[in-house]
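Visitor: Next come the chains, spelled out residue by residue.
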Amino acid sequence: MRRSKKLLTGTCFTLACIALLVINPAVALAGGGPAHTETLAAGPYVVDVNLYQDPPFTDQSVEVTVVPHDSRLRLTGRIVMAPGLGTDAVVLHAPLSPMGQTSTLVGTIRMPVRGAWNIVIQLNGPQGSGEASFPILVAGPGAIPIWLGWLIALAPLTGFAWFIWHQYRYHQKLLARAER
Amino acid sequence: MAQTEAQATGRLSSGAKASMRPDRAERYLRRTAAWILLFFLLQGQLGSIWDREWHYFVGRDWFWTPPHTLIYSSVAGAGLIALAVILTDTIRYLKGVPGVNDTSTVCIFKIFHAPLGFIIAGFGALQTLAAAPLDNYWHNLYGIDIALWAPFHMMGVTGGMIGNIGMVYIFASEAAIERESGYPYRRFLGLSLLEWGTLIILAGMINFTLIGFLQFPIATFGLLRIPSYPLPIAIISALVLIGAVRFTQRPGTATLTILLLSLHTVSEGLFVPWAIRTAVVQQDLSYRIPGIIPSFNLTDALLPLIFIVSALIIDGVALWRLQRDHKLGGSLSSTWLLGVLITIPQLLIAPCLILGTWDLPRVFLEQPGANTPPELKVQAALIAVPVILASGALGAFLGANFGDIWHWNTR
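Heads up: the protein sequence lines correspond to chains A and B, in order.
If you count the first sequence from 1, position 165 lands on 165 in the numbering used here, and the numbers rise without skipping.
If you count the second sequence from 1, position 233 lands on 413 in the numbering used here, and the numbers rise without skipping.
No lab work stands behind these hints: they were computed from the structure.
Treat the hints with care, since some could be wrong.
Claimed, not checked - Here chain B is said to cover these stretches of chain A; the calculated rule only asks that three of the stretch's residues, wherever they fall, bring their Cβ under 8 Å from a Cβ of chain B:
#, region
1, 138 to 148
2, 155 to 165
Claimed, not checked - Per label pair, the in silico range of CB-to-CB distance:
#, chain 1, residue 1, chain 2, residue 2, range
3, B, G471, A, A116, 23 to 31 Å
4, A, D88, B, V286, 42 to 50 Å
5, A, A143, B, R468, 20 to 28 Å
6, A, A143, B, P566, 33 to 41 Å
7, B, S466, A, R169, 50 to 58 Å
8, B, W454, A, W147, 38 to 46 Å
9, A, T39, B, Q462, 34 to 42 Å
10, A, V91, B, F451, 24 to 32 Å
11, A, P141, B, R468, 22 to 30 Å
12, B, G370, A, Q60, 51 to 59 Å
13, A, A155, B, L443, 33 to 41 Å
14, B, L556, A, A143, 32 to 40 Å
Said to hold, decoys possible - Only pairs whose alpha carbons sit at most 27 Å apart, straight line, appear in this in silico DSS-like list of lysine-lysine:
#, chain 1, residue 1, chain 2, residue 2
15, B, K275, B, K290
16, B, K290, A, K173
17, A, K173, B, K507
From the three backbone atoms N, C-alpha and C, an ideal C-beta is built for every residue, glycine too.
Can you make the complete structure from the sequences, with help from the hints?
Guide: Below is the structure:
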């Protein structure tokens, strides 16, 4: 019985770890200064776009701030994340919202696939709308060889093949019992 | 059997007698868990089809898309239910509770004692859950349009299929216990509720295979193109339809399974396009191809027609055997022949339904702009058709084997 309790605890712990691994997307927050700054002219607006992680990592949220050079401007806008050449993904959007009472806009980007992306900043303000973009490279996890991927994925099937064989033997046993 | 029939029809009012049975609590525990698992199974299948369509119409922006949430919440729920029953029954076995003994449980790792179905379902759920972060990792590396034929997609899919099989064991073992117990139970159209549950899961197994029917790779040899999806379809349909008849020992259940499958496909066909349109509006998303918006797809809803002739053949053979006082279960020796026989109509109906052609060789050879010589068409058919028929034979053998076990097994 004590053994069962230990096993119960162990199993729960393992499941909790798996759940955490699945659920928890890491978030890169603007703890320190920006890791990368681009100065762009989005139509009539000259802005500094700050990225707080460079390169961004797949599936990690990275904070972006858009700082107009003219601090009197009150802008609105959004960020468009467009996959670059060779990146198999769809176009994503993220809103930009004012940071407190300042002219700075803040948003969060998160790209699900490694490779080339274009960050497009779309802004609206008193002088109309404008947009500008800059390319970034999104880093991904280290790739394992494809054969290893298949080996890991198909490993449980050996257990299932054994189960089918076991059930075939079990069928023979049940059949013999039924015939007696 | 006759005695059981008499009990079923004549003593339904003796519910009090059934409630006095010593293993009542165990039956209640397992059957409640089984029906909850069935709910999770239907949820997961709906999520899987929604996910396929979501990829096509919207794309994959991150892991927690609405269909993924539906899938993985059902898998986690099913895994936790299975785990709870395994641990509970282990404790109850050690305590010697009535109904939890060596005739109704199996022992694994020399520690756990639980019904085999819950153990298989638990492993299936664990495999699918373990595949989830690995699949996300693969998408991170190679993009969102990797085909179903990717390592960790296959890991998740096979985990789902193992979970399905585990659930069939759960319902079937309870049905066998009910049949053997001598206590009265209700029947609808000659089948107990637990047998109905089993047939719903079996129909779900074909439905689960249909999810990826256009996602399997096409093997290309020069002009020759062989779609691989007929292989899993032939195996699973033979397994399910022959397994259903062997499990219930009743002609008609193969066709009934296809009718249940139709309910799956029609209801999913109605729900999924609506769900995508609603989620796109609510989450302010855009369609991958502007103007291509999902709607009810009649072909998808009619896919069960592929199997209707096969089901009628199986039921016809079962009826023929019963009329000649032959047993429906037992021997596996000639089932391969039935498997081959039932795969032939699928080979003819599937291309007609999906591609609108009876021209089977064209299915294997269709290349835009290619002028295919007739002898190559014959070669294509000669290579592909025997492989598909052999898959049907394998599925029939497995169906007969598992069907008999499902009928007899109480563990």
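Visitor: State, for the Cβ atoms of A/D88 and B/V286, whether the hinted interval 42 to 50 Å holds or is violated.
Guide: 45 Å, holds
Visitor: Given the range 32 to 40 Å, decide if the beta-carbon distance of B/L556 to A/A143 lies inside it.
Guide: 39 Å, holds
Visitor: Starting from B/K275, check that the Cα of B/K290 is at most 27 Å away, please.
Guide: 16 Å, holds
Visitor: How does the Cβ-Cβ distance of A/A155 and B/L443 compare with 33 to 41 Å: does it lie in that range?
Guide: 36 Å, holds
Visitor: Are A/V91 and B/F451 spaced within 24 to 32 Å by their CB atoms?
Guide: With a Cβ separation near 27 Å, A/V91 and B/F451 satisfy 24 to 32 Å, so the hint holds.
Visitor: Looking only at beta-carbon atoms, does the pair A/P141, B/R468 fall within the given range of 22 to 30 Å?
Guide: Check passed, 25 Å falls within 22 to 30 Å.
Visitor: Do B/G370 and A/Q60 keep their Cβ atoms within the hinted range of 51 to 59 Å?
Guide: Cβ of B/G370 to Cβ of A/Q60: about 57 Å, so the range 51 to 59 Å holds.
Visitor: Do B/W454 and A/W147 keep their Cβ atoms within the hinted range of 38 to 46 Å?
Guide: Because 42 Å falls inside the window, the suggested range holds.
Visitor: Hint says 33 to 41 Å; check whether the CB-CB distance for A/A143 and B/P566 agrees.
Guide: Between A/A143 and B/P566, where Cβ atoms are some 38 Å apart, the hint holds.
Visitor: Between A/K173 and B/K507, is the straight-line Cα distance small enough, at 27 Å or below?
Guide: Holds, at roughly 18 Å.
Visitor: Starting from the range 34 to 42 Å, see whether the pair A/T39 and B/Q462 falls in it by beta-carbon distance.
Guide: 36 Å, holds
Visitor: Would the hint linking B/K290 and A/K173 be met if the CA-CA limit is 27 Å?
Guide: 22 Å, holds
In the structure shown, no violation is registered for any of the earlier numbered hints.
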